[in-house]
Amino acid sequence: MNEQVEKTLKPLASLDGAAAFDEPWQAEALAIADTLVQNGMFSAGAWSEALGDALRKSGTSGASDDQQTYYQCVLTALENLIAQHSEIDRAAMAAKRGDWEQAYLSTPHGQPVKLDAIEDH
Amino acid sequence: MSSKFDAPKVAEIHQHLHSHLPSESALRVKALETLLVDKGLVNPQTIDAWIEAYTDQIGPKRGARVVAKAWTDSAYKKRLLQDAPAAIDELGYLGKATAHLKVVENSDRVHNLVVCTLCSCYPFSILGIAPAWYKAAAYRSRAVREPRAVLAEFGVDIDDDVEVRVWDSTAELRYLVLPQCPPGAAGMSEEDLAALVTRNSMIGTDRNLG
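From first to last, the protein sequence lines are chains D and Y. Residue 41 in our numbering sits at position 41 of the first sequence, and the numbers go up by one each step. Residue 206 in our numbering sits at position 206 of the second sequence, and the numbers go up by one each step.
Same shape as in the complex, but just chain Y (with noise of 0.2 Å):
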């Protein structure tokens, strides 16, 4: 029997009884809300409450209920193009990432996609947590260098008669597309409609809707 000390053995056996150990990660983001609690910088009640409304209540829904009320409504709509915070606003919807939000509309002439291409700016308050794709590398650099071929990766073929709008967003000003309302869809409530809005036609990832 050998007494040698094994030293990946004993590393094994000690990560399995600390396996409940956050990652180094973890370790860090606690570290600071400690820190920022103990200082009176943070309330982990605001914490908390900012984790469960992103995760469970805030999302998309919201924008699409922008979008529905400018298809039936074209006295909002006019106030959406002019001011969209304002306009925003009156359905209960602003926050600090829709205080600076410009809405650009889809026509048959038009398709408006938006990116950020230095982070990750997104009018959070209205469709919750940026989806994964929008904060990759590959969208960031690529949507404004070759639009139609990273619509085309989402399913969006746009005619060549149709001009390909890129915006840029930033922390001081955010975009939101109003997508076309599709075809067949006269008469119907605005909550019917406000289901047939996708959240990556409000990005132009997506373009035709119903």
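If we strip away everything but chain D, and leave its shape as in the complex, we get (with noise of 0.2 Å):
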């Protein structure tokens, strides 16, 4: 697309094109719900209402109606409806978090991030 193009584009034209996941964990994160509601954790219909709910909570705190805001949204909706549909609960997700973070804190760089089964390079 050419400058001139571009700049003549109107806000939600100007948006195509754009890359559809910005980051991995965004798309990580999509894979999850659909395959959460693929092995029927949760039906379609409650990602829907749980992802409807998030956006319209985001939108309402003023937060930018952007790709990124959208993921934040994904991740709250994932958070809480395996909090609702599993044995999986907040303190384990804020643990295993801390976990992660610690893993990545004490690898010196360039050596594989390694935390039980998953490793991350």
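Below are the BS3-like pairs computed for lysine-lysine, each with C-alpha atoms no more than 27 Å apart in a straight line:
no., chain 1, residue 1, chain 2, residue 2
1, Y, Lys78, Y, Lys61
2, D, Lys10, Y, Lys61
3, Y, Lys78, Y, Lys102
4, Y, Lys77, Y, Lys61
5, Y, Lys102, Y, Lys69
6, D, Lys114, Y, Lys39
To list a few chain Y residues with every Cβ distance to chain D over 10 Å, as calculated:
no., residue
7, Gln82
8, Ala86
9, Asp89
10, Tyr93
11, Asn106
12, Glu190
Rather than coming from a laboratory, the hints here were simulated on the basis of the structure. The beta carbon of each residue, even a glycine, is placed where N, CA and C say it ideally should be.
From these two lone chains plus the hints, build me the complex, please.
What follows is the structure in structure tokens.
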């Protein structure tokens, strides 16, 4: 898209062509959500309601109307549904998040960060 | 020389040392995935395969092939309009997101526009991941309220005598627009026709193809 065309595009159309995911975690969150729907942990309707609820709350809180906000809502909805539909509670989520942070902080640069069964390069 | 503890400076050095630390959101997603894998609720290979598929393979070309087939095969088009999931399954593209799908056809008198006002329901099994604008609050709220103005922003001017129908997607029912075959396309192969079909024309933010 040349610069001139880009300048004449209106806000909505100018968002076209943006990458589907800005960061890998966004794809991971969506992949987990869709997989859990397919596995039957929660229904597609429940996912839609939870995401819609997160987006509505985000909108009323004045968050910017962009992909970063959208995927934050995806993550919020995912955490809410997992807490509701599995034995994984908020405390477990917070603890495991802390484990990952510690693993990153204590792993020297250039080495794969490892935690339990998951390895992240 | 001051011996004062420079907190911002220390924080900056700390940040630099650990600049490979993922974002807060990335850490939260990692936590979820680890917990789900540990409990046997998701398979990490499934997640990796999903990401690879939606990054590299599954995109609007699938939908374009459905449209091109409908343009060239009237019996297929009839089946597509009557029972979209079954017709899409004929091409091997059926997924959860297309199991409940309705195809709405554009004509000289009707233009169809698809939105999900609640969240971002979208037939991603045949169109890939929804574009950023489809997920934006601006589109979700305005597409129903002022569809012609939204279409104009996409460079689509709809004559006053053309009815604009807006379809609000849900998890239970999603929509795909069957755009009009461009004039002068007679005799073109299905493959060449598919190349004319834009993603936006299958959502309704594009109309005149070719």
